[in-house]
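Protein chains: 2
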Amino acid sequence: MKNIDQHTITDAVVRSFDHCDNPRLKQILTSLVTHLHDFVRDVRLTEAEWSEGIRFLTETGHMCDAKRQEFILLSDTLGVSMLTVALNNNKPPGATEATVFGPFYVDDAPAAEQGADIAGDAPGEPMDVDVIVTSIDGTPLAGAKVDVWQADEDGLYDVQIAELGARRRARATFKTDAEGRLRFRSIVPSAYPIPTDGPVGRMLIAAGRHPWRPAHLHFMIEAPGHETLITHLFRDADPYLDSDTVFGVRSSLIANIAPARGSTPAKLTHHFVLALEG
Amino acid sequence: MKNIDQHTITDAVVRSFDHCDNPRLKQILTSLVTHLHDFVRDVRLTEAEWSEGIRFLTETGHMCDAKRQEFILLSDTLGVSMLTVALNNNKPPGATEATVFGPFYVDDAPAAEQGADIAGDAPGEPMDVDVIVTSIDGTPLAGAKVDVWQADEDGLYDVQIAELGARRRARATFKTDAEGRLRFRSIVPSAYPIPTDGPVGRMLIAAGRHPWRPAHLHFMIEAPGHETLITHLFRDADPYLDSDTVFGVRSSLIANIAPARGSTPAKLTHHFVLALEG
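In the order they appear, the protein sequences are chains A and B. Per the working numbering, the very first residue in the first sequence carries number 80; after that it's consecutive. Per the working numbering, the very first residue in the second sequence carries number 80; after that it's consecutive.
A couple of the hints might just be wrong.
Copies of the same chain are indistinguishable here, so a pair counts whether it falls within one copy or spans any two.
[To be verified] Derived pair list, reagent style BS3-like, types lysine-lysine, alpha-carbon separation capped at 25 Å: (1) 224 x 346; (2) 105 x 254; (3) 346 x 81; (4) 346 x 254; (5) 170 x 81; (6) 105 x 170; (7) 224 x 146; (8) 224 x 254; (9) 81 x 146; (10) 105 x 346; (11) 254 x 170; (12) 81 x 105; (13) 170 x 224.
It is worth saying that the hints were derived from the structure and are not from the lab. Given the structure is predicted, the values throughout are model-derived calculations rather than measurements.
Throw the hints in and build the complete structure from the sequences for me.
Shown next as structure tokens:
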């Protein structure tokens with residue numbers, strides 16, 4: 080394959096995968112190359128723009144570490160994450176909908192007991208959370224593993240605050256009780272901008288977009304025989320519900336948060352319904 | 080834009096660029112998102128595959144430093160670099176063709192005098208290089224800046240050899256003489272595999288591809304009033320001329336290298352013809 084030009088190169092690259100013995104990888108690479116080349120041809124990418132693209136991807140990689148995942152931010156802000164979630168989470172009617180995972184999950188969240196206050200010293204208005212987890216037929220799911228994580232009143236997750244080191248707050252992992260219920264105390268979530276000090280933030284600014292996400296709590300719920308549910312509960316009346324910068328809002332996930340009254344803190348209640356596996 | 084699904088998300092992301100005041104950036108982002116989403120839908124990317132993609136891009140970023148550009152390797156091996164070169168280097172008949180820049184250029188190559196031996200202690204068979212640089216109408220281009228870089232007999236560029244530190248060899252920058260000629264001594268280039276110790280190498284192996292590039296010297300030639308020429312000269316009869324892993328071979332760039340005879344070293348001769356600017 081000498082003397083390849085802009086018209087013949089896509090076939091040449093696709094043919095280079097002829098000896099790939101993993102049919103799924105071959106399918107993915109073939110489709111990726113075809114669409115990527117179509118993009119380059121469609122916009123007639125200049126060599127300076129190609130260099131800028133290489134620089135952008137390199138900086139994005141260099142921003143990634145154990146506490147920051149800039150490629151997930153890129154995927155989130157370009158709608159690739161939500162598209163993947165939508166393609167893979169066609170939940171049956173009645174099951175709780177899924178949304179994006181986000182870049183702030185960590186796998187070392189502390190285990191907490193029912194009723195615990197997980198806020199630690201995270202600034203924010205106290206909020207009681209009282210949720211129930213059932214199967215699609217209404218059966219309570221006892222002992223389901225529930226991961227919860229959220230930003231504080233300043234819009235920051237624990238992992239974004241250097242001074243906290245490995246200390247975790249406003250984040251925990253629980254088991255539901257015999258009735259499938261989970262009660263804990265945390266703080267009212269706040270809207271926040273995704274981090275704008277990296278290449279993805281610069282892209283949003285250059286593209287005329289705001290970086291805000293409406294206030295939400297993250298939940299990941301695992302129960303045997305059921306599809307793992309990765310979702311959020313959004314705070315109602317948030318100004319960014321209609322322009323979430325990662326395209327993740329679903330009406331069914333806008334939660335009911337009763338405001339504080341006197342000494343009774345705000346209270347979020349919700350019923351999570353898990354779809355059966357398979 | 081709540082309740083976005085796999086069908087409506089692309090429009091939603093494209094509309095998010097409505098307030099971008101840079102028309103070219105808006106065009107590029109719109110096309111990129113459209114093609115990227117089409118790819119994700121076409122293959123019905125799973126969430127595990129999405130995670131693998133995030134991991135792959137992150138590792139690719141982490142391999143990049145001042146001496147290693149893994150994203151250029153990725154672009155090269157997927158044909159994106161050569162496609163961009165082809166789109167932007169539609170040279171007029173008679174002008175020397177362009178090919179990929181590659182990841183091993185550095186901007187601190189030592190300046191060398193006509194006739195210099197630039198090999199240093201790079202292992203390899205000595206080779207004299209005798210080239211002329213002219214404009215498209217045959218006028219010799221005196222004082223043209225010529226950057227040369229190449230791998231040694233072991234297939235390694237200087238920047239790939241940690242022990243060399245910042246020392247450069249088989250790499251230099253020259254000016255052509257009053258007749259547009261440039262003579263120097265270096266070594267016969269050798270075929271080499273692109274680095275396979277990173278994610279791009281693992282992708283090639285998984286895709287059933289070899290990582291080899293046919294032997295070549297890199298040239299970048301700049302002269303006032305002319306398009307900068309970024310190209311290679313390939314060694315003839317190389318076994319990889321028909322399967323260059325970066326798709327960069329052009330018949331017109333396969334050079335004449337006269338073999339060594341007795342005490343006369345091998346000799347490469349070539350006539351570079353630069354296109355007019357604009």
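Status of the hints after comparison with the structure:
1. 224 x 346: Intra 21 Å, inter 71 Å, cutoff 25 Å: intra-copy only.
2. 105 x 254: So residue 105 and residue 254 fail the 25 Å test inside a copy (41 Å) and across (47 Å) alike.
3. 346 x 81: Only across copies: residue 346 and residue 81 sit 24 Å apart there, 68 Å inside one copy, limit 25 Å.
4. 346 x 254: within (20 Å within a copy, 75 Å between copies)
5. 170 x 81: Intra 49 Å, inter 17 Å, cutoff 25 Å: inter-copy only.
6. 105 x 170: Answer is neither: 29 Å inside a copy and 34 Å across each miss the 25 Å cutoff.
7. 224 x 146: Answer is within: at 23 Å inside a copy they meet the 25 Å cutoff, but 46 Å across does not.
8. 224 x 254: This pair counts as within: shortest intra-copy Cα distance 5 Å, inter-copy 69 Å.
9. 81 x 146: For residue 81 and residue 146, the Cα distance exceeds 25 Å both inside one copy (45 Å) and across copies (29 Å).
10. 105 x 346: Answer is neither; intra-copy 50 Å and inter-copy 43 Å both fail.
11. 254 x 170: Result: close within a single copy only, 23 Å intra versus 67 Å inter.
12. 81 x 105: Within. Shortest intra-copy distance 23 Å satisfies the 25 Å Cα cut-off; inter-copy 35 Å does not.
13. 170 x 224: within (19 Å within a copy, 63 Å between copies)
The earlier numbered hints that this structure contradicts are 2, 6, 9, 10.
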